[in-house]
Each structure stands twice: as C-alpha cells, then as structure tokens.
Amino acid sequence: AQSVTQPDIHITVSEGASLELRCNYSYGATPYLFWYVQSPGQGLQLLLKYFSGDTLVQGIKGFEAEFKRSQSSFNLRKPSVHWSDAAEYFCAVGVMTGNQFYFGTGTSLTVIP
Amino acid sequence: EPEVTQTPSHQVTQMGQEVILRCVPISNHLYFYWYRQILGQKVEFLVSFYNNEISEKSEIFDDQFSVERPDGSNFTLKIRSTKLEDSAMYFCASKREGAEQYFGPGTRLTVT
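Protein chains in written order, with my numbering: chain F, 1 to 113; chain P, 1001 to 1112.
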C-alpha cells in the first residue's frame, strides 16, 4: 500500500539558516510527488511537484526538492529560511492510476530570529 | 489564475444536524475530491468523484457522508447526522486528467 512518512514532527531553525525537511514514500512505481505548505488556519498551497525528468525540482518561495528513487525520498530544502516560512509542511504522493493523494503527517517549522 | 473555492469558510453545527459543505472546482477539471484534516493530524482522503459517480472512497466515508454535483459547477459534501468527531477542516480538490490536484482553502467544521 502507498504511504508517506515525514519523520520530523517539528523542526526549529534560525532565520537565515538552511532547511531540509524529510519525506519518504512507499510505492511500487514512480509516483507523483508534492510538497504543500499550510499556514495556520489556511488551506494547502502547492510548493512544488515532481512527475518525471530532472530529479531536482524548483518551487515557489525559494524551495527545492530532490527525488531520490534509490532512497524513496523527496526531501524539501531551502538555503536560507525566512521568518515567514514558519508553517506546516506536508509531503504527498499521488499514484499514476489511482485518484487519491496520500499525505504525510506533516512537519511543523518554527523559525527563530 | 483559476482557483477552487469553498463555502462557508467556517461552519458551526450541533451534533445530529445535517451539514452541506460546498465547493466550486476549477471549471475545466474532471476529477473532484474531498479530504479532511482533524486538528493537528494529517490530511486524509475521503472520496473522489468522476463522471458523476464516486470512483473511490476511504473507510472514513461511511453512510453518513454523501457527495453530489448538483449542477455544472458545484460539488457538495453532505454529512447527514454530524458527530463531535466530524469536527475538522474539510478540503475540496479538483484536477484534470493526469495533473496534480488543486486544493481549495477549506471549510472548518465545528460540531458542538
């Protein structure tokens, strides 16, 4: 069965520091991979997606993610975090033939001055 | 840029009452979804809808839930008799064939 694991429930980083949020998935074939961000009380905003091709994908707000098939991972990175990046981040997997998305449990990011 | 919209943004209801959550998907999209997120938990799939019928549903989507596309634009989720544990954020999403899902801003349902 498909599943998504985000091992870090909560991460705290200093403003200006680099960030990496981990995501591992379980699926038998190449999935669609997504990162969404959710600010408090808000909906889900798509940061970036991977369907095929270049395994390093660029997204909005300076985020990038790298698909590593050998590790079944799709980690999200940002070289320099801004205070406005504080939010909940969700990794999601969409399968080729199915419909639904499978979400991870999310990683809450706190940014300290 | 086209967006998925949802109304209301916040719904408060008493236990046992029926609620209808409304969504307007992006106009040329063909697949429609409902997800829910209980406070502090992950987003969970409820149901998908295509060609005027349910194509997939989760075990959460029991007989208390139903979906409908009453006209060419709206997509609704009805909960017949709400329970306290139905309190959650409900997200609607839509997509074209093979593309990613676009999520609405959500409706926060509070059951008292």
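Quick caveat, the hints were computed from the structure, so don't treat them as lab data.
Note that beta-carbon positions come from the ideal geometry of N, C-alpha and C, so glycine has one too.
There could be a bad hint or two in this list.
[Unchecked claim] Facing chain F, a subset of chain P residues (Cβ under 8 Å, in silico): (1) 1052; (2) 1097; (3) 1105.
[Claimed, not checked] Here are the simulated lysine-lysine pairs, DSSO-like style, with alpha carbons at most 27 Å apart: (4) F:49 - P:1083; (5) F:49 - F:61; (6) F:61 - P:1057; (7) F:49 - F:68; (8) P:1078 - P:1042; (9) P:1042 - P:1083; (10) P:1057 - F:68; (11) F:49 - P:1042; (12) P:1078 - P:1057; (13) P:1057 - P:1042; (14) P:1083 - P:1057.
[As the list claims (entries may be wrong)] Taking CB as the label site, the calculated pair distances span: (15) P:1058 - F:70: 29 to 35 Å; (16) F:45 - P:1078: 37 to 43 Å; (17) P:1052 - F:41: 31 to 37 Å; (18) P:1112 - F:58: 25 to 31 Å; (19) P:1060 - F:95: 28 to 34 Å; (20) F:55 - P:1041: 29 to 35 Å; (21) P:1001 - F:12: 30 to 36 Å; (22) P:1052 - F:1: 43 to 49 Å; (23) P:1110 - F:39: 18 to 24 Å.
Hint check:
1. For residue 1052 of chain P, the interface hint is violated, since its Cβ never comes within 8 Å of a Cβ in chain F; the closest pair sits about 15 Å apart.
2. For the restraint placing residue 1097 of chain P at the interface with chain F, the shortest Cβ-Cβ distance is roughly 11 Å, beyond the 8 Å limit, so the hint is violated.
3. Annotation: residue 1105 of chain P was flagged as interfacial toward chain F, and the flag holds, the nearest CB pair being 4 Å apart, inside 8 Å.
4. Distance restraint check for residue 49 of chain F and residue 1083 of chain P: the Cα-Cα separation of roughly 36 Å exceeds the 27 Å cut-off, and the hinted pair is therefore not satisfied.
5. For a cut-off of 27 Å, the pair hint linking residue 49 of chain F to residue 61 of chain F stands: about 14 Å separates their Cα positions.
6. The straight-line distance between the Cα atoms of residue 61 of chain F and residue 1057 of chain P is roughly 34 Å, outside the 27 Å bound, and the hint therefore fails.
7. Of the supplied pair hints, the one linking residue 49 of chain F and residue 68 of chain F holds, its CA atoms being roughly 14 Å apart against a limit of 27 Å.
8. Between residue 1078 of chain P and residue 1042 of chain P the CA atoms are separated by roughly 21 Å; this keeps the pair inside 27 Å, and the hint holds.
9. With a C-alpha separation of about 19 Å, the suggested pair residue 1042 of chain P and residue 1083 of chain P falls inside the 27 Å cut-off, and the hint holds.
10. At most 27 Å may separate the alpha-carbon atoms for a hinted pair to count; residue 1057 of chain P and residue 68 of chain F exceed this at roughly 30 Å.
11. Taken as a hint, the residue 49 of chain F and residue 1042 of chain P pair is honoured in the structure, with Cα atoms around 19 Å apart against an allowance of 27 Å.
12. With a C-alpha separation of about 14 Å, the suggested pair residue 1078 of chain P and residue 1057 of chain P falls inside the 27 Å cut-off, and the hint holds.
13. Proposed proximity of residue 1057 of chain P and residue 1042 of chain P is supported: the alpha carbons are some 17 Å apart, at most 27 Å.
14. For the hint pairing residue 1083 of chain P with residue 1057 of chain P, the CA-to-CA distance comes to about 19 Å; that is within 27 Å, so the pair holds.
15. For the hinted restraint 29 to 35 Å between residue 1058 of chain P and residue 70 of chain F, the CB-CB distance of approximately 31 Å keeps it satisfied.
16. Between residue 45 of chain F and residue 1078 of chain P the CB atoms are about 27 Å apart, so this pair departs from the stated range of 37 to 43 Å.
17. Taken as a hint, the range 31 to 37 Å holds for the pair residue 1052 of chain P and residue 41 of chain F, whose Cβ atoms sit roughly 33 Å apart.
18. For the pair residue 1112 of chain P and residue 58 of chain F, the beta carbons lie near 45 Å from each other, so the given range of 25 to 31 Å is not met.
19. With their beta carbons about 19 Å apart, residue 1060 of chain P and residue 95 of chain F fall outside the hinted range of 28 to 34 Å.
20. Here the CB-CB span from residue 55 of chain F to residue 1041 of chain P is close to 30 Å, well matched to the stated 29 to 35 Å.
21. About 33 Å separates the C-beta atoms of residue 1001 of chain P and residue 12 of chain F, a value consistent with the hinted range of 30 to 36 Å.
22. Taking 43 to 49 Å as the suggested C-beta distance range, the pair residue 1052 of chain P and residue 1 of chain F does not conform, at roughly 28 Å.
23. For the pair residue 1110 of chain P and residue 39 of chain F, the supplied restraint of 18 to 24 Å holds, since their beta-carbon distance comes to about 20 Å.
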